[in-house]
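> Since the structure of chain A is already known, use the hints to place chains B, C, D, E and F with the ligands on it.
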Amino acid sequence: MVKIEAMIRPQRLEEVEAALRELSVGGMTVTEVRGMGQQRGVTHTYRGSTYTVNLVPKLKLEIVVPEERAEEVVDAIVQAARTGEVGDGKVFVIPVDAAVRIRTGERGPAAL
Amino acid sequence: MVKIEAMIRPQRLEEVEAALRELSVGGMTVTEVRGMGQQRGVTHTYRGSTYTVNLVPKLKLEIVVPEERAEEVVDAIVQAARTGEVGDGKVFVIPVDAAVRIRTGERGPAAL
Amino acid sequence: MVKIEAMIRPQRLEEVEAALRELSVGGMTVTEVRGMGQQRGVTHTYRGSTYTVNLVPKLKLEIVVPEERAEEVVDAIVQAARTGEVGDGKVFVIPVDAAVRIRTGERGPAAL
Amino acid sequence: MAAFRFGLALAGLTLCSPALAQGGIDKADTAWIAVSTILVLLMTPALALFYAGMVRRQNVLSTMLHSFMLMGIGSIVWLGLGFTLAFGKSNGWLGGFEHVLGQNLSGSAPYGSQTIPSLLFFLFQMMFAVITPALISGAVAERMKFGAYVVFVTLWLLLVYSPVAGWVWNSDGWLFKLGTLDFAGGTVVHLASGVAALAASVALGRRRALSHGEPILPNNLTMTLLGAGLLWIGWIGFNAGSALAIDGISMVAFTATQIGAAPGMLGWLVCEKVRTGKPTALGAASGLVAGLVGVTPAAGFVTASGGLAIGFLAGVACCIAVTWKNRLGYDDALDVVGVHGVGGALGAVLTGVFASPLANPAVNDALAKGRASLILTQAIGVVTVGVYSFLLTLGILKVVGALAGGLRAEAEAEDTGLDLALHGESGYNL
Amino acid sequence: MAAFRFGLALAGLTLCSPALAQGGIDKADTAWIAVSTILVLLMTPALALFYAGMVRRQNVLSTMLHSFMLMGIGSIVWLGLGFTLAFGKSNGWLGGFEHVLGQNLSGSAPYGSQTIPSLLFFLFQMMFAVITPALISGAVAERMKFGAYVVFVTLWLLLVYSPVAGWVWNSDGWLFKLGTLDFAGGTVVHLASGVAALAASVALGRRRALSHGEPILPNNLTMTLLGAGLLWIGWIGFNAGSALAIDGISMVAFTATQIGAAPGMLGWLVCEKVRTGKPTALGAASGLVAGLVGVTPAAGFVTASGGLAIGFLAGVACCIAVTWKNRLGYDDALDVVGVHGVGGALGAVLTGVFASPLANPAVNDALAKGRASLILTQAIGVVTVGVYSFLLTLGILKVVGALAGGLRAEAEAEDTGLDLALHGESGYNL
Amino acid sequence: MAAFRFGLALAGLTLCSPALAQGGIDKADTAWIAVSTILVLLMTPALALFYAGMVRRQNVLSTMLHSFMLMGIGSIVWLGLGFTLAFGKSNGWLGGFEHVLGQNLSGSAPYGSQTIPSLLFFLFQMMFAVITPALISGAVAERMKFGAYVVFVTLWLLLVYSPVAGWVWNSDGWLFKLGTLDFAGGTVVHLASGVAALAASVALGRRRALSHGEPILPNNLTMTLLGAGLLWIGWIGFNAGSALAIDGISMVAFTATQIGAAPGMLGWLVCEKVRTGKPTALGAASGLVAGLVGVTPAAGFVTASGGLAIGFLAGVACCIAVTWKNRLGYDDALDVVGVHGVGGALGAVLTGVFASPLANPAVNDALAKGRASLILTQAIGVVTVGVYSFLLTLGILKVVGALAGGLRAEAEAEDTGLDLALHGESGYNL
Ligand SMILES: Nc1ncnc2c1ncn2[C@@H]1O[C@H](COP(=O)(O)OP(=O)(O)O)[C@@H](O)[C@H]1O
Ligand SMILES: Nc1ncnc2c1ncn2[C@@H]1O[C@H](COP(=O)(O)OP(=O)(O)O)[C@@H](O)[C@H]1O
Ligand SMILES: Nc1ncnc2c1ncn2[C@@H]1O[C@H](COP(=O)(O)OP(=O)(O)O)[C@@H](O)[C@H]1O
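Residue numbers (the numbering used here), protein chains in the order written: chain A, 2 to 113; chain B, 2 to 113; chain C, 2 to 113; chain D, 12 to 441; chain E, 12 to 441; chain F, 12 to 441.
Isolated chain A, as found in the complex (with noise of 0.2 Å):
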């Protein structure tokens, strides 16, 4: 298995979702995180000062997977969340060793 983490722009939440139920993904969990690189940060103003704030929020995305199922989860969140701008964000993909249901304790593949 594998665990794949996207860090997208919180507006495509919606469309990634979408993307993943159409490929019957069972389930993500989300973290509502901020993201520096090659992105602008924002300018907020207080009393008249301006100064730049690095950080601009994301989401990131953990979903885990058979690993034969990487590549077209990968490839469906990459298209659902790109809108073309700088900032659009990443997809890693990180190996795991094992997982576990903790309802009924399932093992493997089927815990997820």
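Everything labelled a hint here was simulated from the structure, so no lab data went into it. Note that the coordinates shown come from a computational prediction; the quantities given were computed from them, not determined experimentally. Using N, Cα and C, we set each Cβ at its ideal position, and we do this for glycine too. There may be inaccurate statements among the hints.
Stated by the list, open to error - To give an idea of the interface, some chain F residues facing chain D are shown, with a C-beta separation under 8 Å as derived from the structure: (1) Gly35; (2) Ala39; (3) Trp43; (4) Arg68; (5) Gly91; (6) Leu92; (7) Pro274; (8) Ser316.
Said to hold, decoys possible - Computed footprint of chain A on chain C, listed as stretches where at least three residues anywhere in the stretch have a Cβ under 8 Å from a Cβ of chain A: (9) 48-55; (10) 81-91.
Same frame as chain A, now just chains B, C, D, E and F with the ligands:
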């Protein structure tokens, strides 16, 4: 070393904490996340319209342990977090190449 | 590639950011987390009762870099985040199988 | 209110007032209306809370600012020109210019036959002029350009609110002379702004998030509840103060207001219970506002039972009306049409139905030609003010859109959120 | 307050009032009591904030709704039946039915020998009837069924509050005749609700989270502080308005209120400093409320020094009392027992101790049989009202529990949070 | 205000008052000033919100507590000693001791030639004494020891505020006799606290986060906006209540206040638009406060146009002034110097420029020696009060620092946040 990632119900945190303490697990990092899976989302009402939010609040625990302790820790979490209802969550085990304790610079299992 | 995960004190973010900029590390993702470890929790008072909250606020940084850069980045973070007091946090290094830049579809180290 | 009261004052249940001093000023009346003025002023920050709690977190400040801007712009525009257009010597349609920039207003002499200083009457009316355009802002939330908004509300205040206030409340206004009853602004305030909200929703189009299917969840309903609570508080000044004296009519209006808000809340909750099985906190907040809107035109003319009936009907009707937009496709973000438009129109008509000489002897005159005739008169007020406000609002927005290069913020600004994109701020850093 | 004042009015430091008009109405008194009424109304949303800030985020709306519901239900129940049970012609225990549905209340004629319209007296009293049952809601927070809550507070208002208000404030009430001093509701409002809170805590049982050892941290103490600040503001109307006139007594009560809240805050902070080393913001908020509770029955009867003493003692006593529940095991979620029960009882007794003819000549009468006798009379009031409220509350909850199939929300609803489970909403989406 | 009014009352546009009763008390005046007192009391919780919204989340409670503490401490200190130092029989510099602990204050007899009870005058003045030291707290936010703060504000109230209030408002005060015009506290309240804020910023030094280059983002600007809205509401009592009667002057002051706040808001927004291109919500909130500060000393002496000009100038000037600190290096956390110091000084001088006999006949006297002379007199007031407050504040802080072992919280406490470190609480658990 491995990193154990557990997505659990927020209400089970205390139980899991206690179980880990029993095993003398040294540390843990907790993140508020929202998860999607088999569990039915919650229905929100807004001015007479209702709609379903698929993402339900979960906690993600991250615990890095020496590989040989992984099994018992996973089991302890699974037991403590289980309610038997859909939505109990998952535990994933991910390989870790290196660990450093920032304060001392210690590396490897000693850093945990 | 590897993912460097660092749990640090919130107050050290600026220093770490600066250190990474010096190394021209391209990007980073930051999450607000709460951590448990050797550091004593904080005592909350509530209507005359006091009790201890074990989880203390931390930031989790995630930085994916080519494997060959891992060492220097870890060192930079460790130095910048260190205060010498209990609670400085940990750095973990986790293998990454693949990376994609959503905007362009670039893969591998070029995606970072 | 306002001029209306002069017409009725002699017949009213005025408390005997030996304190009536030289120059016709009564100090107790003055103290009460000064307090009422402050209470109505409170309604605009309260509205800011009420609305801002319902938008998404990235638009919370821009939404509050929409209301706050009126406290700035509205006060000055009313001083400069608005008051005199409404309450100057009128030809039936528009007032003269004798009060431009606050001229001929005094701290010690009354306006007409009132018992409070004309300066205070001006201030009391100012607070109505401040909140009415702010009500419209709920319809345009989360997507309107800031500059365009500023110009729009300025023009609307001068071209819609001021004339309409004069029609209904200036003793020479044509609707006043026709016999339209509007105690504290069902037609002038709520209907006019509710209809303008419909026009503005149509002119601006739907929010991008709606097309994307993004869930639009209120960022902070505790703020909305607090806003609703403060609106209730301020509304007592709005309605009971519209007696322009601390007299029997003001007591009747106070009672009807309190007894109108309560069943409005309960009516909406019952409606929700029936429809979705779950009464909500937002429903309670919305319902109490609906009840208050409904009872506003009626407050000084109905008994407690009348207030009870109107409040309950308004609560249920508005609960139903806020779902229309989903079917009809206009994006009235915070339901100004469903609450103020529908509640205002309903209240105006029900004022004709429930107005009672037991509450206010002046109703005897209003019923001279029978109740059917009174209801018809009320309906005429609703239709003419509604049509006027709708058409003028569309026209003003056309002009503003042309001047400002479009009414809507850039797509990217809308996606980022107006707070950061237009104002360089974010509401929360928690 | 209320009827009590009629008895004392002649002896009181009433300001001379040439403005007293035909029909006995004084316009300045009327304006002041209208304002006081509005201030007391403000206390219910303020209470909603005060309480809601202390619960966990998943119950913030349900907690606010508990207070807001009373603004809806309380107003209507008071109009329909409550007022007449309390203030109708009484046999000592219960009033007659002459004011059912607001009958025989007038905007221009007074109630009894008062100088304000009876409609206003009714409205002023209404606001007390609205907030008192809402106070109890702090005890049942985070676990009570919504429907059961609605029925419970309705019955409690009719079966506990209305009679007790009549006993103490109706000039024919048996405790009034006995000579119990309760200026603005130490016994009627705070003790009655505080004791009911104890009964309700016991009847409902402890929250599940407490057994799980989950930390129950307040979601938003800024809200609690704002609520406390607004409670202080509103409380001035509550206490000084209970003079039912803008006279010397109202000034005395205003002073005692202000000078009671301040040392209440400081007393609680000192208590915390001693106990845990850390004075807290929640302690400041709780302490000022405790001071206000303590001074409520005494407000119009004590000098500034008396207010100072009572406020300080109440602040310290309540700071200690809120920790009892941990030892005794009942789950009074937001410390209604510790603050309103203990503060109300203490204040009632201390009223006997500090009442001074220097503040109010009427105290001379109250002291006719000596101070010990007055203190005893006060204690009788505390005990009888306390026992009555405790037993009736238990009985009502028994019945409601039977009707509603249990008082508590499902375990799952409690774990999820009542906002989402019962109302389909969440307070924050930040 | 205050004593000032006695001097001018005869010449003022007082409404005729047949209601003036025996003992010289007027009930309508009393009702109005009681309301005004409550409105000024509201300003302190409002200030708590205004300030607390701007700090970082880890200091939100400690910042609110700074304001709330004054409601506790200020009330008691004013009762004990402050009032008598300011308003007792004065030698020009300090009052006598006849009102220690509230002695010789009555609910039915006036203070001097006023028409309200002396107890009420004491309470009205108390609310000014409560909020003025709280204003300073914005400068020391996020880093001051709690105990040191408590001692500091207590001493400041006694050694700075009370004497200065006596100089300007006691009819025997030396600045009063000099002819300084300060209607509601431009010099006494805003300048004195703004200058003290400068001294305190210097004495405390800069926050650690500033050196670290950490971004200091406001935690909750919706709270700041609500605070600003409530400040506006309360300020009407502050200014219009300073007429100490419900008369023509109070109407003039009400108008100037409303018409001063509005252009203050717009002026600040225009300034921001020019400077950064983005008008902000915080700018609107800051600007309305700046407008109110500016118009405070002038309120009862200027026409609407005067208020308009002063408000706009104050809005622009303060918008510019708040950026000085970046260049000069002192850390006035929440811009008390830029808003209250600069706005207060500017307003005091502009009062000399815009005071008009059209608004208040008493201005004729003030202009007896020509306008230049009046402006000079105003400037003398500004300079002497400014220098006095600056030096005394430095001195007090020196002493407090010595007693408390330093003024600042430990470095670790500052990094963690004062809420948790000093009070064991956190504002939000969302
Ligand atoms: N090396 C990295 N490690 C972890 N996260 C990264 C890294 N680089 C970028 N990110 C995440 O991806 C987001 C987008 O990256 P950015 O460089 O701004 O745009 P793009 O991916 O379009 O080139 C960042 O905000 C951050 O959350
Ligand atoms: N494939 C997955 N990848 C990552 N997280 C998952 C995945 N499947 C489930 N989760 C997480 O586990 C939680 C529980 O999963 P769910 O399917 O609802 O219940 P259960 O685990 O009891 O079958 C989800 O809310 C989500 O946070
Ligand atoms: N085994 C672990 N797995 C995951 N995170 C850990 C682990 N141990 C510690 N942490 C994280 O590191 C933080 C600091 O650890 P702590 O033991 O308190 O101090 P130190 O690292 O200085 O010894 C914790 O708050 C937690 O977030």
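> None of the hints should be skipped; say for each whether it holds.
Status of the hints after comparison with the structure:
For Gly35 (chain F), the interface hint is violated, the least distance from its beta-carbon to any beta-carbon of chain D being 15 Å, above 8 Å. The beta carbon of Ala39 (chain F) is positioned within 8 Å of a beta carbon in chain D (closest approach about 4 Å), and the interface hint is therefore held. Annotation: interface hint on Trp43 (chain F) holds; nearest CB of chain D at approximately 4 Å, less than 8 Å. Because the smallest distance between the Cβ of Arg68 (chain F) and any Cβ of chain D comes to about 5 Å, under 8 Å, the interface hint for this residue holds.
For Gly91 (chain F), the shortest C-beta to C-beta distance to chain D is roughly 31 Å, which exceeds 8 Å, and the interface hint is violated. Hint status for Leu92 (chain F) relative to chain D: violated, with the closest Cβ pair at about 32 Å, above 8 Å. Because the beta carbon of Pro274 (chain F) sits about 6 Å from the nearest beta carbon in chain D, less than 8 Å, this interface hint is met. A distance limit of 8 Å between C-beta atoms decides the matter here; for Ser316 (chain F) the minimum to chain D is near 7 Å, and the interface restraint holds.
As drawn, the region 48-55 of chain C meets chain A at 0 residues by the rule of a beta-carbon pair under 8 Å; below three, the given contact is violated. Against chain A, the region 81-91 of chain C contributes 0 residues with a C-beta closer than 8 Å to a partner C-beta. That does not satisfy the three-residue criterion, and the hint is violated.
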